[in-house]
Amino acid sequence: MIKDITLGQYFPGESVIHRLDPRIKIILTLLYITALFMIKNFTGYIIFAAFTFEMIYISTVPVKYVFKGLKPLVFIIIFTAFINIFMTGGRPLFSIGPLLATYEGLNMAILMTLRLLFLIIGTSLLTFTTSPISLTDGIEKLLNPFRRIGVPAHELAMMMTIALRFIPTLLEETDKIMKAQMARGADFESGNLLKRAKGLVPLLVPLFISAFRRADDLAIAMESRCYRGGDQRTRMKQLKLHNRDYIAIGLVIGLMIILFLVRGLKY
Amino acid sequence: MNHKIKDMTLVALFAALTAVGAFIKIPIPFVPFTLQFFFCAFAGILLGARLGMLSQIVYVVVGLSGVPVFTQGGGPSYIFQPSFGYLIGFIAGAYVIGKVSERFKALNLKNALISILSGLFVIYLLGVPYLYMIYNFYLNDTKSLWWAVYWGFLTCVGGDIVLSVIVSTTACRIIPILRKTGLIKTVS
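First to last, the protein sequences are chains R and S. Heads up, the working numbering is the position in the first sequence plus 85, with the first residue counted as 1. Heads up, the working numbering is the position in the second sequence plus 8, with the first residue counted as 1.
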């Protein structure tokens, strides 16, 4: 079973990007996506690529690691490129049987593929350089202003932290119950879909009961330590903006302005 | 005992369970068959509308923040995945399942099944148009609505109906045990 799932994609490090405030990183990632959707030509993509790879270089995350994240999406990227080449109308380029590729299609396919690639590469940089716990912290702080309209910011962050803590525990427990039931003769691996789904019942009943019991224990443990929500809670790690955060904001806004200016170019 | 804390831990545990459900998958193209819906339905039935929905929200936010708890990983770019509509659907679905099952006086097999199927309907109602829109407007592949309905609904609805039956039978067995041990409040 997967052991280090709580770490997610996090790649521990000490770079400037790792040390940026998580709130700023989340906002900058949103700006980065907006900037990506503004691009209409190749000049834009060259500037964008230079920026992205510079960021990866600064973050000290190995490029190999970044590209590994693309693996599950290779199918959809190739599929999209393929459809775009052959399904866009325009001047003919070459043809395979009844399929006709066009210049416009090729152009479209390349732009589309680049957009998909950078979307994943750029946004994964956020999760590569920020641990899930500090991301949760950042989300809590960013949602805080919305408390007035009833968004439970602190509770949401707390529940995320608890969920993160229990995912590996529950995975392990599922494994354990499965083995225990197999030792009693349960069969999880043969038969058709219906039979297999039915076989899950002896796995699920104990899993749910134990999850409920854990929730109960945890609630008692929290209460006996006087947990009472986010109000007036003090923190060991305070989030504070540093010069590096302001510089990062300036850089991304600068990138957006440049991209906006080159939008009019033909290539 | 303070019910607010108990509610929070329960919601968190169900979010974690949904993540476990995503690891148990049978691959079919475009929309993989997983047990996520299974746990979403359980969250709705066992926790009720509000908490069930909250557990699915927590699950989706955990996934979006980069922990690989979805079927194909995680991270903010998952919003542009064609199957992200189903994840939004789980949030709405858990709410609907909870709401409908709260309306019944006693939860028997038939009532449980009715509430789960109405939730399933809502999940597809959100998932299929999302699939269609992502392919047509984001990926620029012109796909017909029929194509989206075929791959996003017809190929997987069978499995989900089987799951619904299993959820209702299991739920009918779990609820009495939980009441007896006092782990859930008796629904009035």
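Since the hints were made in silico from the structure, they are not lab data. Note that beta-carbon positions come from the ideal geometry of N, C-alpha and C, so glycine has one too. Treat each hint with caution, since some may be false.
Said to hold, decoys possible - Simulated pairs of lysine-lysine, BS3-like, Cα-Cα distance not exceeding 27 Å: (1) R:Lys325 with R:Lys351; (2) R:Lys322 with R:Lys226; (3) S:Lys12 with S:Lys107; (4) R:Lys280 with S:Lys118; (5) S:Lys118 with R:Lys156; (6) R:Lys261 with S:Lys188; (7) R:Lys125 with R:Lys156; (8) S:Lys14 with R:Lys226; (9) R:Lys283 with S:Lys118; (10) S:Lys118 with S:Lys107; (11) S:Lys151 with R:Lys322; (12) S:Lys151 with S:Lys14; (13) R:Lys264 with R:Lys283; (14) R:Lys125 with R:Lys351; (15) R:Lys261 with S:Lys12; (16) S:Lys151 with S:Lys107; (17) S:Lys188 with R:Lys283; (18) S:Lys12 with S:Lys118; (19) S:Lys188 with S:Lys113; (20) S:Lys12 with R:Lys226; (21) R:Lys125 with S:Lys151; (22) S:Lys107 with S:Lys188; (23) S:Lys188 with S:Lys12.
Claimed, not checked - Each pair of labels, with its calculated beta carbon distance range: (24) S:Ala114 with R:Ile305: 22 to 32 Å; (25) R:Asp260 with S:Arg187: 25 to 35 Å; (26) S:Pro137 with R:Val148: 35 to 45 Å; (27) R:Met123 with S:Asn116: 25 to 35 Å; (28) S:Pro137 with R:Ile305: 42 to 52 Å; (29) S:Phe129 with R:Lys325: 46 to 56 Å.
Going through the hints against the structure:
no., hint, in the structure
1, R:Lys325 with R:Lys351, "violated (43 Å)"
2, R:Lys322 with R:Lys226, "holds (13 Å)"
3, S:Lys12 with S:Lys107, "holds (20 Å)"
4, R:Lys280 with S:Lys118, "holds (21 Å)"
5, S:Lys118 with R:Lys156, "violated (43 Å)"
6, R:Lys261 with S:Lys188, "holds (25 Å)"
7, R:Lys125 with R:Lys156, "holds (26 Å)"
8, S:Lys14 with R:Lys226, "holds (23 Å)"
9, R:Lys283 with S:Lys118, "holds (18 Å)"
10, S:Lys118 with S:Lys107, "holds (16 Å)"
11, S:Lys151 with R:Lys322, "violated (50 Å)"
12, S:Lys151 with S:Lys14, "violated (46 Å)"
13, R:Lys264 with R:Lys283, "holds (17 Å)"
14, R:Lys125 with R:Lys351, "holds (9 Å)"
15, R:Lys261 with S:Lys12, "violated (31 Å)"
16, S:Lys151 with S:Lys107, "violated (35 Å)"
17, S:Lys188 with R:Lys283, "holds (25 Å)"
18, S:Lys12 with S:Lys118, "violated (31 Å)"
19, S:Lys188 with S:Lys113, "holds (18 Å)"
20, S:Lys12 with R:Lys226, "holds (21 Å)"
21, R:Lys125 with S:Lys151, "holds (23 Å)"
22, S:Lys107 with S:Lys188, "holds (23 Å)"
23, S:Lys188 with S:Lys12, "holds (21 Å)"
24, S:Ala114 with R:Ile305: 22 to 32 Å, "holds (30 Å)"
25, R:Asp260 with S:Arg187: 25 to 35 Å, "holds (28 Å)"
26, S:Pro137 with R:Val148: 35 to 45 Å, "holds (37 Å)"
27, R:Met123 with S:Asn116: 25 to 35 Å, "violated (56 Å)"
28, S:Pro137 with R:Ile305: 42 to 52 Å, "holds (44 Å)"
29, S:Phe129 with R:Lys325: 46 to 56 Å, "holds (48 Å)"
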